[in-house]
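Undergrad: Note that the protein sequences, when read in sequence, are chains D and B.
FYI, the numbering used here numbers position 414 of the first sequence as 414, with every residue one higher than the one before it.
Convert by adding 1000 to the 1-based position in the second sequence; the result is the number in the numbering used here.
Among the hints, a few may not be true.
Residues from chain B that face chain D, not an exhaustive set, calculated with beta carbons under 10 Å [claimed, not checked]:
| hint | residue |
| --- | --- |
| 1 | Pro1037 |
| 2 | Ala1239 |
| 3 | Pro1243 |
| 4 | Arg1251 |
| 5 | Ala1267 |
| 6 | Asp1269 |
Rough simulated footprint, nothing fancy, chain D against chain B, three-plus residues with beta-carbon under 8 Å [stated by the list, open to error]:
| hint | segment |
| --- | --- |
| 7 | 1063–1072 |
| 8 | 1325–1331 |
Simulated from the structure, these hints should not be mistaken for laboratory data.
Where a beta carbon is used, it is the ideal one built from N, C-alpha and C, also for glycine.
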Amino acid sequence: MADTPDRPARARAPRSAPPVTTRQAYVLAGNRIPFARAGGHYNHVSNRDMLVAAIDGLVARAGLAGERVGAVAAGAVLKHSKDFNLTREAVLGSALAHDTPAYDVQMACATGVETIVGLADKIRLGRLDSAIAGGVDSASDAPVVVSEPLRRALLDLTRARTPQAKLAALARIRPRHLAPVAPTTGEPRTGLSMGEHQALTTAAWGITREAQDELAMASHHNLAAAYEAGFFDDLVTPFRGLVRDANLRPDTSMEKLAKLPPVFGTRLDTPATMTAGNSTPLSDGASAVLLGTREWADEHGLPPLAAVVDAEMAAVDFVHGREGLLMAPAYAVPRLLARNGLTLEDFDVVEIHEAFASTVLTTLAAWEDDDFCRERLGLPGPFGKVDRARLNVHGSSLAAGHPFAATGGRIVATAAKLLAQRGSGRALVSVCAAGGLGYAMILEAAA
Amino acid sequence: MSDRYLELVNRGPTAALATRLGLPRPALLRRYSPGAPLVPGPVLVVHDDASKGDADAVADALVGWDLDVRRHAAEDERVGAVVLVLTEVASPADLGGPALAVGGVLRGLARGGRVVVLSRPASGAGGDAVRAAARRGVEGMLRSLAKELRGGATANALVVRDGVAVTSASVLGGLRFFLSGRSAYVDGQPLEVVSHGGEAPTDWDRPLVGRVAVVTGAARGIGAAIARTLARDGATVVAVDVPTAGDALARVANEVRGTALQLDVTADDAGARIAQHVAARHGRLDVMVHNAGITRDKLLANMTPDRWDPVLAVNVLAPLRITEALLEADAFGPAPRVVGVASTSGIAGNRGQTNYGASKAGVIGMVQAWADRLAEAGGTINAVAPGFIETDMTAKIPPLTRQVARRLSSLQQGGQPVDVAEAIAFLASPQAGGINGQVLRVCGQNMVGA
């Protein structure tokens, strides 16, 4: 496939009015299993089993056992081909009525957000009254791929009809073909891992090691405090003996984080700043979010937590180095807010997915940067400043871990509950994803 | 939690061997299943002369339940149950006739048979010592009779307070409970009916239809059995347990088609959160079962605060605070039922359980003290006191001690979690509205703490 360069970035006028809607879609409840580190508590546990656990916990919390929900949409980023109908299979294994339709969604790390937005849109349009959005990922139980020559030889073998043809297919296999291809989160077009890509962005924006470690430490301390306060009592259900996120280090400190050696960007000219402490680990886990109309919620005695107001996707050209791989949210958020006539100050809760501490910090830096906002976003000046006291107040992916497709559900459930506790206000959710993708979303406290 | 010995002496070639060796043979108990006959044969109604009127009324009620009721023992006939009405007995001299009449049919009592005595409390006899002696005598006879019965048969008594008719809802409701398989592991127990309160359910198999019940400690063991039993009887169940037991709790909640509420009952806002949950989801609360309980056994000589305090906090302080909060919040519907879980350890004591004993006796104090308050609210508060029940908790007891503990009851076996659950479901039912401030032991008439 020929790689044609894009047209130069050009500022486009945002759409003038928010989308027309017929009714509101609400977040009614959330649930997830504690997130584990890859190769840890959920080693050899399948995506299906984790998704069933997340759904069953949600069903128990909402009292939906044996009930038909309008639809369940979920997905996984690392997915076995045998799991082509992962979500439907999970529904059949869950406590939901078996006549609940289900389908798979996949949009890299934005899978969770996309399932929520997609189902919320269906609810707003009147096609569904209720739905469950989910996401799951296992870096432990990832599919192992065989080498291309071996794969082709095996396919030919299955199609061969004569003994000679079978032998001929087998004869093509060489010992070196037998080495499995390890699963990777590397970008297919650049061959760079996500961490190496982010290291480029981190260096370009001059984000310091100290700033990254501070953000990581805050994430751990905030998440631990939220657990202690019982915030997750109705958002998390234990699984396989794990009660809290395995990655959580309540007692981490700047000193401890400072001791970790850099792991990304070590070959760049600039000092390497990204460590295992300020980057998310490979993780296993699943999450689910219950969505519905107010009427459906009332019938089920479920107080709505927050309304799904609007959402915006974005993508950036990282292939030619025009933008950092994980910078798409920096574009999605301003477009989304312009469309809704809002500024960053209008948000009481801000959730920016911590793929890496520096992802959050480069995004914040970009929004405060005059040149970036003028040239890349087409704005008259800096987009604005996020009040750090409103950012990821109960921790985020650095502490919780990041099972790719499960992260959206974790963030949206947390943001929705924060709004419900406040009783008013708005939340902004921002998630970056592989492939230069990004997703932003607005939630509003249910009146 | 299986009792291998119980299985071996009841099934296959080992059963015959056990008989020939003369080993004790605990019976397979007759437990309730919806639709099963209430009693395993005809019901004989026996009475003393003075109680004839009451006996007639009770017999009429039994006929109304389509039972085969006999007023006179026939030669060599097997009976499923005997109802002994002694409500008006005036002197110990009058006990012999009816007692011997019952004795005459005991050899024909079916496996899983029942003897239910209807009497009145000695305390209600005023200064009439002769009558009080007769009434107290009934209780003494009952306890010994229960120890004599075999084949899984039990004997229990309804002690009907003076002024309460034998046809009142809770006397008949209690009679039905004792006759049925629901009371399989209740033996040798007098249960007092204090008022004419309560009402017969529309459907005896689903007496809790439309009721909303909260069960704490519902993730496993007795709590899970309570959730299942209340749901089977028609209740909508809110299953509560600590967040760390959330996965087991979710399974129970989904199984009974209820809701799971992850909550530490010792939290300051536990009562408020339960009230909020039931108000939002169900509009009200009808049944509150305080089942959550823990043990931290240690001789008092070696006791530490970290073993004493949590036991008191979970077992008795939490029920006190949650009940208070629910009453304050006006969370209950028109006929609240609060049921606590005490223990025979709280009645008789148990070596190494000073903390547990204090907490479980505390539960008894709570239900006795709050009976009037609940009565004013149109409801009741009672407790069950389980004896040796086959659970994860008792599975940790050393094997030999466990075997001894099992055989130390009249039924020669441990109870199942469902046995405790059945007693709680009865106390939570509309037909138990006249039973208030009482403690019902579910212990197979354990020798400990009689």
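Undergrad: Taking the hints in turn, state whether each one holds.
TA: Here's how the hints hold up against the structure:
1. For Pro1037 (chain B), the shortest C-beta to C-beta distance to chain D is roughly 30 Å, which exceeds 10 Å, and the interface hint is violated.
2. The interface hint given for Ala1239 (chain B) is met, as the beta carbon of that residue sits about 8 Å from the closest beta carbon of chain D, less than 10 Å.
3. For Pro1243 (chain B), the interface hint holds, the least distance from its beta-carbon to any beta-carbon of chain D being 5 Å, beneath 10 Å.
4. Interface restraint check: Arg1251 (chain B) against chain D, minimum CB-CB distance 7 Å, threshold 10 Å, status holds.
5. Interface hint status for Ala1267 (chain B): upheld, as the beta-carbon distance to the closest one in chain D is roughly 7 Å, under 10 Å.
6. With 10 Å as the threshold, the beta carbon of Asp1269 (chain B) comes within range of chain D, its nearest partner Cβ sitting at about 9 Å, so the hint holds.
7. Here the segment 1063–1072 of chain B counts 0 residues with a CB under 8 Å from a CB of chain D, which misses the bar of 3, and the coverage is violated.
8. With a threshold of 8 Å between beta carbons, the proposed coverage of the segment 1325–1331 of chain B by chain D is violated, since 0 of its residues qualify and at least three are required.
Of the numbered hints stated above, those contradicted by the structure are hints 1, 7 and 8, listed in ascending order.
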